[in-house]
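Asker: My request is simple: use the sequences and hints to build the entire structure.
Keeping their order, the protein sequence lines are chains B and G. Position 73, counted from 1, in the first sequence is what our numbering calls 73; the numbers after and before it change by one each time, with no gaps. In our numbering, each residue's number is its place in the second sequence (first place is 1) plus 1000.
Warning: the hint list may mix true and false statements.
Stated by the list, open to error - Stretches of chain B that chain G covers, calculated by requiring three or more beta carbons in the stretch to come under 8 Å of a beta carbon on chain G:
id : region
1  : 64-76
2  : 182-193
3  : 227-235
4  : 253-259
5  : 372-382
What the hints assert, rightly or not - Chain B is nowhere near these chain G residues, computed Cβ spacing over 10 Å in every case:
id : residue
6  : 1041
7  : 1047
8  : 1067
9  : 1069
10 : 1166
11 : 1175
12 : 1210
13 : 1284
14 : 1303
In short, the hints are calculated from the structure, not lab data. Note that the Cβ used here is the ideal one computed from N, Cα and C, for glycine as well.
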Amino acid sequence: MKKSRTIAVLAGAAVAALAMTGCSSGGGSGGGKSLTVEDYYTATYNPIYQRCAKQLGAKLTINHVAGAGLIAKVLQQASSRTLPDVLMLDNPDIQQIAASGALAPLSDYGLNGKGDVPAVTAAGSYKGKLYGLEPVTNSIALYYNVALLKAAGVAPPKTWDELRTDAKKLTKGKTYGFAMSNINTYEGTWQFLPFLWSNGGDEKDIATAQAAQALQYVLDLQNDGSMSKSSINWAQADVNNQFIAGKAAMMINGPWQLPALKAAKGLQFASVPIPTRTGDAPVAPLGGEAFTVPVTKSKDTMSLAAKFVGCLNKPTMQTYIAGVTGNVPTNETAADSWATSHPDVAAFVTTTKTARARTGELGPDWPKAATKIYTAVQTALTGKAAPTAALQAAQSQSQ
Amino acid sequence: MSASVEAAVGKRAPTVAAGHPGRPRARLAATASRWLFIAPAVAYVAVFFGYPVVKNIVMSFQDYTTRTFFTGEAPWVGFANYAATFRSSLFTTTVVNTALFTIGSIVAQFLIGLGLALFFRRHFPLSGFLRGLLLLPWLLPLIASSAVWKWILDQDSGALNQLLGLFGTPPVPWLVSPDLALIAVIGVNIWLGIPFNTTILYSGLQSVPQELYEAAALDGAVGARAFRYITWPSIRSVVSVVIVLGVVYTLKVVDIILGLTGGGPANSTQTLATNAYHQSFVNFQFGQGAAVSNVLIVVSFVFAVVYISISRKAVDE
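Answerer: Shown next as structure tokens:
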């Protein structure tokens, strides 16, 4: 008897507590002092958010979603009008979501991307309006195993020819000279882009001689035996594992792998910008995620959310975030000083300066082009068709 | 719901008491109460099966994209999604792959499953334990088992190639070669489907009366002949159920393929199901995704009708 009464009392208390929290959260959003943030990062980002929240005196609810599920979740939230106050989006997705009308232009709140790498601002804009700000960006570069290169007596390559001969020399026993991801997802496309773009290829039409030359080059690396045929099944994380295990002497990868690479015992590595045919600066794709302000009911909350995004994008915050994540500050001056103090990421800082946004040309149509590109790469690398034919078939694909 | 049923029943009593003039009314009440009993089932089917199917059909005639989620606008495009689907160079590939995947999986699953079921009918030490172990593929989460299979089948450092290497076989490009990838994926799906086939066929075999075999043995029918004249006719209805359900289950497989190859290399393991998934949830072309999945639904529906007619026949017998 006594037991059941205490349970009843506890239950009553719980209901009261729930009712109270319900009240306080309702009151908070009305007063514009609480914000919900949604991203696909991990808890490592929480202190970053809290820093800006403290400055604004806002209370945060942080929601980390698993990477692949973010867009599906955002669409669902868009239709039920329950979008978060601050939304992180991968930069190639911004234009597609902005086109749906779910995002508020940041210029309405006095925000702009001044001082940031222009291509980053381009990726965050749709039809001339800025929708997303990216505090830190990234790209891909060529990592190499210092010990293996020393043993083979080769210097880090600058041109395609050098890369090809180096990779050949470095291929010994179970170690391949070179590794990259050619998987049938956007990751595969992303890794092929530096070869395609640096050689004058373009996503608008991939059935060109320049694109064929780039694809032929990657195929040559595979035919030489310098790159494993399994690269068509490797995601970038797999490529990194191959490199850490010493099964690849050089690899294409991004700065987000730095924590894992530094943790690997006995691995000495360094990075250079991705070699190009001519030896000029590469044109690589820009990575990173932007913060946006979805259209929600409360005007006050939206302007607070915009302030929050503005805070994250301040150069000092950019440097702080770069320190936590290993990425590159988007602000050009901040990036330069970052490169001098952090030689690990110098190659990425150089690369982002000449990098291009994937959605810069095609906007919301980019995913279709991306699918064509990885399909062509896969068709050529599996030997189903020669590079020129593979690119033509993919270009004319009506999907 | 129960209250309304009571009300219907309650209404009926006085009409009966009233005699002649109330008769049509009584009949009406009886029909109404009959419908009310069916109502929960109808509502359930309508909400959880009817609505999604109808919505999917409607969606396949619309330009349903990411934009639609926010604006709610999905312009009517007629048969454009279907035209794009059938015209796509990928369509033939996916249809052929779906057919090969389904037929290959079902034939092997069934034969191995039947063999094992017959084997386990003899009781021997540890047979119960081994039969339990056979369920293992069924108990593992699909994503986990496909990730493990991906490691096993890796060309350079996979366990299978290491094992074959002991016999001097050069590394086989299981998931890398467009010619082998589909075979490898079918192989994993066979492994996954064996427990289902074995379990159902085993329970079918259990219901065959032992006396039949004893009587047949007296007439000289043992071994293969006993199987042909007693076992097979007795379990035939179970066999058709296993095969038809297997086909429907296999047609819609997405997870294993996505986990192993993601439809690659170069679309060589892309099926109708993975293509529909890709259109809807990677390209966010929900209209086209719906068109592809409707093609799949039609095929599955044919098999579902076959299943229903078979099970009805079994009941009649």
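Asker: All hints are to be evaluated individually against the structure, with a verdict given for each.
Answerer: Outcome of the hint check:
no.	hint	result
1	64-76	holds (count 4)
2	182-193	holds (count 3)
3	227-235	holds (count 5)
4	253-259	violated (count 0)
5	372-382	holds (count 5)
6	1041	holds (29 Å)
7	1047	holds (18 Å)
8	1067	violated (4 Å)
9	1069	violated (4 Å)
10	1166	holds (17 Å)
11	1175	violated (6 Å)
12	1210	holds (51 Å)
13	1284	violated (7 Å)
14	1303	holds (27 Å)
Consistency with the previously given hints fails for numbers 4, 8, 9, 11 and 13, ordered from lowest to highest.
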